[in-house]
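Number of protein chains: 6
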Amino acid sequence: MVNYPIGDLIAERVRAMGVRPFYKKFDHDGVQGPNMATVYSDQGLGVRAPVVFYNRCNEAAARLRPGDFDWKAITAGGLRWFHSGGIFAALSETTGELIIEGMKAAKRAGAVVSFDLNFREKLWNVWGGQQTAVSVIGRIVENVDVLVGNEEDLQKGLGVKGPEVSGKSKLDTSAFFGMIAEVVAKHPQVKAVATTLREVHSTNRHSWSAVAWIDGQSYTAPTCELDVVDRVGGGDGFAAGLIYGLLAGEAPEQAVRLGWAHGALLTTFPGDTTMASVDQVRALAQGGSARIQR
Amino acid sequence: MVNYPIGDLIAERVRAMGVRPFYKKFDHDGVQGPNMATVYSDQGLGVRAPVVFYNRCNEAAARLRPGDFDWKAITAGGLRWFHSGGIFAALSETTGELIIEGMKAAKRAGAVVSFDLNFREKLWNVWGGQQTAVSVIGRIVENVDVLVGNEEDLQKGLGVKGPEVSGKSKLDTSAFFGMIAEVVAKHPQVKAVATTLREVHSTNRHSWSAVAWIDGQSYTAPTCELDVVDRVGGGDGFAAGLIYGLLAGEAPEQAVRLGWAHGALLTTFPGDTTMASVDQVRALAQGGSARIQR
Amino acid sequence: MVNYPIGDLIAERVRAMGVRPFYKKFDHDGVQGPNMATVYSDQGLGVRAPVVFYNRCNEAAARLRPGDFDWKAITAGGLRWFHSGGIFAALSETTGELIIEGMKAAKRAGAVVSFDLNFREKLWNVWGGQQTAVSVIGRIVENVDVLVGNEEDLQKGLGVKGPEVSGKSKLDTSAFFGMIAEVVAKHPQVKAVATTLREVHSTNRHSWSAVAWIDGQSYTAPTCELDVVDRVGGGDGFAAGLIYGLLAGEAPEQAVRLGWAHGALLTTFPGDTTMASVDQVRALAQGGSARIQR
Amino acid sequence: MVNYPIGDLIAERVRAMGVRPFYKKFDHDGVQGPNMATVYSDQGLGVRAPVVFYNRCNEAAARLRPGDFDWKAITAGGLRWFHSGGIFAALSETTGELIIEGMKAAKRAGAVVSFDLNFREKLWNVWGGQQTAVSVIGRIVENVDVLVGNEEDLQKGLGVKGPEVSGKSKLDTSAFFGMIAEVVAKHPQVKAVATTLREVHSTNRHSWSAVAWIDGQSYTAPTCELDVVDRVGGGDGFAAGLIYGLLAGEAPEQAVRLGWAHGALLTTFPGDTTMASVDQVRALAQGGSARIQR
Amino acid sequence: MVNYPIGDLIAERVRAMGVRPFYKKFDHDGVQGPNMATVYSDQGLGVRAPVVFYNRCNEAAARLRPGDFDWKAITAGGLRWFHSGGIFAALSETTGELIIEGMKAAKRAGAVVSFDLNFREKLWNVWGGQQTAVSVIGRIVENVDVLVGNEEDLQKGLGVKGPEVSGKSKLDTSAFFGMIAEVVAKHPQVKAVATTLREVHSTNRHSWSAVAWIDGQSYTAPTCELDVVDRVGGGDGFAAGLIYGLLAGEAPEQAVRLGWAHGALLTTFPGDTTMASVDQVRALAQGGSARIQR
Amino acid sequence: MVNYPIGDLIAERVRAMGVRPFYKKFDHDGVQGPNMATVYSDQGLGVRAPVVFYNRCNEAAARLRPGDFDWKAITAGGLRWFHSGGIFAALSETTGELIIEGMKAAKRAGAVVSFDLNFREKLWNVWGGQQTAVSVIGRIVENVDVLVGNEEDLQKGLGVKGPEVSGKSKLDTSAFFGMIAEVVAKHPQVKAVATTLREVHSTNRHSWSAVAWIDGQSYTAPTCELDVVDRVGGGDGFAAGLIYGLLAGEAPEQAVRLGWAHGALLTTFPGDTTMASVDQVRALAQGGSARIQR
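Respectively, the protein sequence lines represent chains A, B, C, D, E and F.
Per this note's numbering, the first sequence starts with residue 1, numbered consecutively.
Per this note's numbering, the second sequence starts with residue 1, numbered consecutively.
Per this note's numbering, the third sequence starts with residue 1, numbered consecutively.
Per this note's numbering, the fourth sequence starts with residue 1, numbered consecutively.
Per this note's numbering, the fifth sequence starts with residue 1, numbered consecutively.
Per this note's numbering, the sixth sequence starts with residue 1, numbered consecutively.
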């Protein structure tokens, strides 16, 4: 976290969301940074696709490295879950190592460890390229219990070869399930792999589903038609809902549905963060309709 | 109407809409009220349902009671129509009685009397419960010529038993027409019963129709697909269009279409009030398309 | 262009779009004008149709007449294309003549000449009526190489008789191609005729295609489903994309697709001007999807 | 009033303000009008002066002429006051005559007649020039009881010669009172002349006062310092407050203060219309401070 | 805190400000409450005074009573300061008692206890009147170390007689200091009394100072000229800054300046809460100018 | 200029302002840049000072270096004036050299060369420090005819020692004129030195003047009181107005007034760019008041 007005703004949002942060503080020189990353997002509309690009130059987060956090203090009160993702891993040569350090500490504290592959070629190309990506992500995934990522993530980020399936619908789950065996063969400690499935009819209309393989069982969420305001964050919303369900002791099927429902609701808000309440998520997961509530 | 800035704001809107008001004035103590009711409404989007809730505490309207209005003066210049509804009836022990008093005065003045059942369980639960609701509404409906309300309204508000129909489409009219006989048996003076029909595909997409039984004849409006901005007020818009049509001497079928068209247009505006012109309503009722007008 | 703040605003927009203007300047008297035309546009929504009307009273543009521009100077650096349209032609008795003067000058400079019929009955009715319209437009089209206009434009603006086709889909291209023969018979120098085709399901949902006859060949763009924000300007966007494609040396089929793609994208922005980049247009023309770009 | 959406908007505002209108209706042709006048106003700020200009081309109001209104019907229920002003008088050759016709009808009905000179050179220059202005205004003022206008209005609009006073403060009242004699000599039926006085330190800071001569007595309102948001309408606010005070039977001094207070409050709102309540005006007139009311 | 969307919104703001809340939860019935209080505030402008009024009907906070909080748990980690005020004391018969209970618990935990008199006649008039106010406030103040309140607060809330001083400037501090003796005589445990002083030139322009009596010494902050956006909250900002200074171990004079500076900065933001950083407050307290920081 | 949406936005603004740009194009990698600089600006209010900070990390402009521009082509059509400033000079080791290269080319083309010292310590500290600053700026100023900068700029940027003047008003011109001798002794080719003078009473209220030494003569603009919305850009506005005046052949005194007027007007707009017309600037320069223009 950087000591300057943009950092204050972000810290306010973190507090508002009820998250207890552990920051390493950086001082901003007023000119060059270090900076909080800026994400520019055009939601698009209809036949006009959304566009996302960054100013991540001299990003404070990229400077984080093993040793920056006192894991013993952080996990002192107990830790149930540790989650990280492929975007943070791609920021610099040190962030992947920090993730691994954190995962090992989390494991020692008895936490479940999850990772959202979120493979972003543009980020890796800045310093490492795809070969580095596969190597770093591979070492991270050795510590992972719950893996989130779509086919492309598994192929590009994990180096898993997908079956040659052509002409299939984008909502067909067979290709995804077909890759699980290979993932588990490579990383036998992985207990769950999950992803969202979407077919994009237009920027504002998607068919939306989700699938998961959990402890050897396959689960598929319903398919629904989404009116999308801003699709960015839908995948994160799925991961958040899935983890919430598993932490809340829900059955795997229900956890997948909670992830699916939360990701769907997230696309109805502008921006990539959630404004959905737990009640809204549960209502949709249990087949809730869009009828008015009064 | 309360003498304070919120009341001034509402009175300005009433004047702007061209409505001649008859107010009982209340003084606000700056702290507790009496207050104008506040309705909080989240329009929702896609799979996210709309939400409506109130602050009706110490509401001025709930204090209205028989004797508050000089009906002789109000009807002195002649009166053609009197309309009230189930939300006002549910506000307190006195509002239902005031409606009955007003309806009797309107009858004396030769007016048609209509009532929109608009059954709201939450409101009745505050002071009376459903049994009181059925009793009060029953006594109101004894004075009614034109009744507006859907199946649920008829069942819960009027205590009419609907036929056991399962698996039917929400736009199927048979269930509604099946209940008319029972309504008319109970309240033989009722000359018309009407309602909107909608199937909610998502918060922003409804299939929309309307049906009416008028003087023994059944009428069904077309079904169209709506892009909905804010569904709240669609039913009121139907009632307003229907009454307008009947007052304007239109044939029953056309009156139903005018109600259907006005309710549909109302859902294309934010808020629960209309901004549609008579020309727009008539154009849609006569099969108007969404082609550009220039 | 009028010397007053509204004129300054428009001139700023013209510069911002990278257009090199040639203005005749008028002084505003602060009260009566001459004025820049005002276009009032309500985008409409769903079953509510868009509405467009004008204040074109004492419009500066209507005062433009042959002799106002120094065509020799304008075309001195070479001229590749000259485009005008039916709205400007309809403004006054002099604007059509100015268009003809300009077209002849453009021809002398070796430019391709195009004209978008854009027939607006309301405008012609102010001073000339339809007979004048057909006569003026006919004389304009004698100078035209590339003609843009739909069936109605061809019939009302050009006096071409369309075949009696009933019950046909609005996206059926046969009627359009059927009229080409008559157009070319009347104006044998015309080398291309093109138009957009749309079927309006609701104000916000159109099926969208485009067709063209170019040097004796027929071309049809794909049909896609549009989520429309503001349909005004879609036709202009098509013409602009088509001309861009032809100027850029694209094959006729690709030029038609570029026009089709640009018109489609233009309807996703508020207002009747474009904010689409060439890259976005090309991506959609080449079958681009609405997938996120990051 | 014109039958088109802009007219509907204005009519809505008129109703909202509680004004009972008497309209002559005009149909708009969708292109040329007749139009409701458009006033463009830049509030300015600090050393940047406000700017106001119009599009009054083919303005419906300018077409109003004697005979357009049924004065007998309008005054049937009694009439206490008739007010018009110099801007409407300047619109065309017929509007001044209509004002005179209306004033005579008002006189017959026993009303007080007032006129706000509001001399606008730009408007008169369009069709008549200053000589016509003086002639028309002179004939109007023959019917006036209460005249509102500053020194410049009296000089340019009424042709009264002001005393040669140099170096005087803009808030000095002697020049104004010095001109009254001449006004009354010319128009002996005039019973009151009033104006606001302001010294403009910057666009947002004025010193504000007002003076009146009523039935031979002179009255001066206090001088206060204004924080101005939008000065346009301050003079109209003064006239409205003064007339209100006189109609309400207030002593002349209090009526002047009410005008002064209302004009001052009006400059604290954007636009040229009032949002001040009678209570706010009375509080300021009685020396109210800007202390918080809770 | 009430379980409904308004409550969620407020809880989000509380978290965002970094405050650790201790809530008693109430369920909302969707209609009558209990409600979070609504404060309506018009900032006013220039000669137009700000206006504040409430809807506090069935307010959840008014239902709080002794026994609702587990003070032992709350103070378990140590407590340095306890602050409450006259608005909460005025809400109901139980809130004053809750304040006393809390103050006694805070004393036991070794905390400094402060109270902002904030006398609001309108609130007391709803249930108790001034006599009750003086009695309740008197019993509260018996537990207070640091008292915040202006002359009017001391007179009306505490029943202290102010000296008869006429014609004095509103920024004259003698009257305030003159009343301290009486306050301390009545409540000898009070160690500090402080208040802001302001002279209101217009809604947007105040002269601003502050004074305090701390442990027998008098302190006066500088007087500065404020450009005020929204004066509501200025007094709370003073109390917050003063308490911060005393908690931070600043000398009394500096603590008074920090309160003065924070209250001044708070009036430059819309709303009644702060967006000033500690750095901004300290800079202004140390004579910081309004020069640009870059 | 960078090829990405932020660059497109800026290029649109450059075109809109009528500036003919000469860009070196950079490609953005979607993540790290090169970026267009971002300036964050809080306008402040009253006692709250404005704040400005940057994200200039990997800024495209800093990569510009001698040889990047084809000066011969740029100056081919003649060049009358060349202006640059201290912020661009401070961006990197190459930008100062580029300025010198450009100035020499401009000189060869017969242009007047000006430089606004605009000394920003924070920028120089990133790579060079003050010693480098003085050395680079000194070498730049060797090519300068017209120098803009205040006392602090002259001292810190040019290393000129100011006279020890204490207790002087910030609008006292003697200190400034006292330093001219030293500047001219060091850089005898300098023909003019100019600066704005302001005394900041609050963020929104400044006293504003300007002084210049031109060809051995001293000129002082009037002092006026400004209501400031956003002070950033006032100095640039002064330079622009001064250069405009000199290019337009105005007398030096009038040129200084034009600069003074333009800088003053610029502070009445949000942002650091101008929306003032030449007419507005001239009117204020000639003693224009803030009276309404209609």
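Treat the hints with care, as some may be off.
It does not matter which identical chain is used: a pair holds within one copy or between any two.
Think about it this way: if two alpha-carbon atoms lie no more than 25 Å apart in a straight line, the pair counts; the simulated DMTMM-like pairs of lysine to aspartate or glutamate are [unchecked claim]:
| hint | residue 1 | residue 2 |
| --- | --- | --- |
| 1 | K107 | D215 |
| 2 | K25 | D42 |
| 3 | K186 | E151 |
| 4 | K122 | E97 |
| 5 | K156 | D68 |
| 6 | K170 | D68 |
| 7 | K170 | E225 |
| 8 | K186 | E93 |
| 9 | K170 | D8 |
| 10 | K186 | D42 |
| 11 | K186 | D279 |
| 12 | K107 | E225 |
| 13 | K191 | D172 |
| 14 | K186 | E250 |
| 15 | K156 | D29 |
| 16 | K191 | D236 |
Worth flagging that the hints you see were computed from the coordinates, not collected in a lab.
Note that the structure is a prediction, hence the values are computed from the model and not measured.
Now for the hints, and whether the structure bears them out:
For the homomeric pair K107 and D215, the shortest alpha-carbon distance inside one copy (19 Å) is at most 25 Å, but the shortest distance between copies (56 Å) is not. For a Cα distance limit of 25 Å, the shortest separation of K25 from D42 across copies, 23 Å, qualifies, whereas the shortest one inside one copy, 30 Å, does not. Taking the shortest alpha-carbon separations for K186 and E151, only the intra-copy value of 16 Å comes in at or below 25 Å, while the best inter-copy value is 59 Å. Proximity of K122 to E97 under the C-alpha cut-off of 25 Å is restricted to the intra-copy arrangement: shortest distance 20 Å within a copy versus 34 Å between copies.
In the homo-oligomer, the alpha carbons of K156 and D68 never lie at most 25 Å apart, since the shortest distance is 29 Å inside one protomer and 39 Å across protomers. Neither within a single protomer nor between protomers do K170 and D68 lie at most 25 Å apart by alpha-carbon distance, with minima of 42 Å and 49 Å respectively. Taking the closest pair of Cα atoms, K170 and E225 come within 25 Å of each other both inside a single copy (14 Å) and across two copies (19 Å). Proximity of K186 to E93 under the C-alpha cut-off of 25 Å is restricted to the intra-copy arrangement: shortest distance 24 Å within a copy versus 51 Å between copies.
Taking identical chains as interchangeable, the C-alpha atoms of K170 and D8 are never at most 25 Å apart, the minima being 42 Å within one chain and 35 Å between chains. Taking the closest pair of Cα atoms, K186 and D42 never come within 25 Å of each other, the shortest separation being 38 Å inside a single copy and 48 Å across copies. Taking CA atoms no more than 25 Å apart as the test, K186 paired with D279 passes in neither setting, with 38 Å inside one copy and 41 Å between copies. In this assembly of identical chains, K107 and E225 lie within 25 Å of each other by CA distance neither inside one copy nor across copies; the values are 39 Å within and 50 Å between.
Proximity of K191 to D172 under the C-alpha cut-off of 25 Å is restricted to the intra-copy arrangement: shortest distance 22 Å within a copy versus 48 Å between copies. Neither within a single protomer nor between protomers do K186 and E250 lie at most 25 Å apart by alpha-carbon distance, with minima of 28 Å and 50 Å respectively. Only between protomers do K156 and D29 lie at most 25 Å apart by alpha-carbon distance; the minimum there is 20 Å, versus 38 Å within a single protomer. In this homomeric assembly, K191 and D236 come within 25 Å of each other (Cα to Cα) only inside a single copy, at 19 Å, whereas the closest approach across copies is 54 Å.
The structure fails hints 5, 6, 9, 10, 11, 12, 14 (numbered hints given earlier, in ascending order).
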